[in-house]
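Please put together the full structure from these sequences, using the hints given.
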Amino acid sequence: MRNRGDLATGYLFVLPVVVSLAVFLIGPIFYALYISFHHFSFLAPDHATWAGLGNYTKLFHDPRFLRALGNTSLYSLGVVPIQIAIALMLALIVDSKIKGKTFFRVVYFLPTVTSTVAVSVMFMYLFKNDGLVNLLLGKLGIPTFDWFNSLTFALPSVMGMAIWTTVGQFMVIYLAGLQDIPQELYEAAEVDGATPWQRLRFITWPMLKPTTFFILIMSIIGCFQVFDQMYVVSKGEGGPQDRTLSVVFYLYRSAFKDFDMGYASAMAFVLFLIILILTVIQRKFFQEETH
Amino acid sequence: MKKLWRTLFYCVVIGYAVLTLIPFAWSILTSMKSTPDMDKFWVPLSSLTLDNYTYIVTKFPFFRWLLNSVIVAGSVTIGNLLFNTLAGYALARIKFPGRGLLFYIVLAVMMVPGQVVMIPVYIMLANWGWINTYQGFILPFLTSSFGIFMMRQFFLALPVDLEEAALIDGLSRWGIFFRIALPLAKPALAAQTIFMFLGNWNSFMWPSLLASSDDMFTLPVGLNSFHWQYVAYWNQDLAGTMFMTIPMLIVFLIFQKWFIKGIATSGLK
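First to last, the protein sequences are chains A and B.
So the first sequence is numbered by the numbering used here: it starts at 12 and just counts up by one.
So the second sequence is numbered by the numbering used here: it starts at 8 and just counts up by one.
One should not assume that every hint holds.
A few chain B residues facing chain A, derived, Cβ under 7 Å [what the hints assert, rightly or not]:
#1 Pro30
#2 Ala94
#3 Ala97
#4 Gln122
#5 Gly206
#6 Asn209
#7 Val238
#8 Trp241
Hints listed in this document are in silico derivations from the structure and should not be mistaken for laboratory results.
Being a predicted model, the structure only gives us computed values, none of them experimental.
Note that beta-carbon positions come from the ideal geometry of N, C-alpha and C, so glycine has one too.
Have a look at this one:
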């Protein structure tokens with residue numbers, strides 16, 4: 012479609028976005044790269060000295076970083092599959108012929124619209140030493156713990172909280188995917204005498220593949236960037252004994268508590284690289300599966 | 008067999024609903040208990056009170072934080088709606104040199120996690136004296152590569168005939184955009200409004216970095232510092248938490264159809 016003056020209009024339409032991307036994203040990406048190769052402190056930016064790959068190599072000898080990376084990986088490994096499984100299960104249920112669909116959909120979605128800070132405070136209250144969870148467990152004769160302050164259970168507690176918060180969001184995306192599956196496929200399968208399980212296994216699951224791929228990517232990216240919940244439950248410290256320290260959390264502390272911004276920037280690029288690699292691997296895997 | 012399945016179905020459905028509702032219900036209940044009753048499991052309904060709410064809003068600047076959140080999330084949402092839509096439309100419909108390049112840049116920066124630019128942007132804002140100011144909260148976030156991408160895809164999927172007819176009738180590009188394209192884009196705009204607003208309303212890391220005095224806190228930052236520094240009792244703490252949570256829940260319940268649709272469209276790539 013052509014129009015007189017389109018050229019000028021086109022540029023005018025994209026101007027705000029171009030300026031904003033250049034100033035707040037692309038420029039800073041290069042600046043961050045520069046910082047990551049320097050010993051750089053916000054307090055004395057003019058005294059930055061060349062560090063070469065120093066910040067990057069330091070990462071792999073820093074036990075705190077390795078701990079943070081381990082925590083983040085463990086967190087993702089736990090949260091991603093459980094989150095997706097529950098989301099899919101709820102989506103299938105809410106999509107089937109049950110009474111009160113809308114009500115359940117709304118209820119499951121409630122945590123998604125609640126701020127992570129608010130959710131964290133609510134869960135700290137529920138899981139405190141003499142909180143509701145321990146009260147119920149005690150009544151059932153199950154051992155109780157000081158969840159968020161326990162070396163063993165601090166991270167799993169944050170994981171549980173994250174799953175609880177995000178399941179609704181992914182359920183809704185699955186629902187949209189389910190509604191895109193042509194009804195004729197199920198009808199044909201019914202004629203052929205397929206059991207419900209076979210229909211799920213051979214129609215629903217393969218047809219949902221693009222949705223699952225998208226959710227998997229979103230979920231992994233989200234998990235690797237975990238920060239809010241861990242920051243709130245550990246009072247900004249990452250404790251007990253760094254058990255709730257994630258990569259982004261450590262990055263935040265290195266940059267804005269220790270003012271070691273070169274080191275923190277190196278960490279940010281390593282995080283970027285990890286996310287990029289995981290995304291590429293999945294894309295490959297899913298493409299092979301679908302072809 | 009069928010009956011067994013149905014029962015199991017409903018057990019799961021109701022069970023998970025209960026699991027979702029209990030944290031809210033228990034928190035609301037505690038936020039309405041008086042301090043002596045706070046640790047009691049059962050309290051008579053008549054002893055429930057809103058005193059904790061009055062206490063926290065008179066002692067702490069909760070309304071100020073609410074106002075800050077509204078200003079920041081509102082401005083960011085409006086900016087994104089306007090700018091992402093303009094750019095998405097241009098990328099889909101208007102031919103100009105550099106269009107392909109711009110689109111690839113948008114795609115590429117979508118992959119970069121925000122933490123990469125957090126430090127340089129912070130330094131820039133500090134140099135400009137924008138720490139602890141509204142412009143610092145708002146200006147860096149007025150556009151989003153994901154939003155641009157989404158709007159472009161949306162406009163590409165719209166049939167072009169209507170716009171071409173309007174062009175022949177002599178309508179200018181601006182006229183076409185505002186009178187034809189925008190009204191058709193309502194569902195996409197609604198989706199964008201919802202996840203931009205929700206994302207910014209709940210955003211914690213940036214505002215906690217940028218706000219240094221408590222009159223500039225947004226609700227999540229205020230709630231976090233309130234929880235750790237000021238508050239002595241859980242009932243008051245949870246009243247603060249609910250002060251932040253309940254308005255959003257009400258907005259959600261009113262617009263729930265749009266919320267669910269909006270989040271669902273974010274999944275259609």
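Handout entry: Hints that the structure is at odds with (numbers, increasing)
Key = Hint check: 5, 7 fail, others pass.
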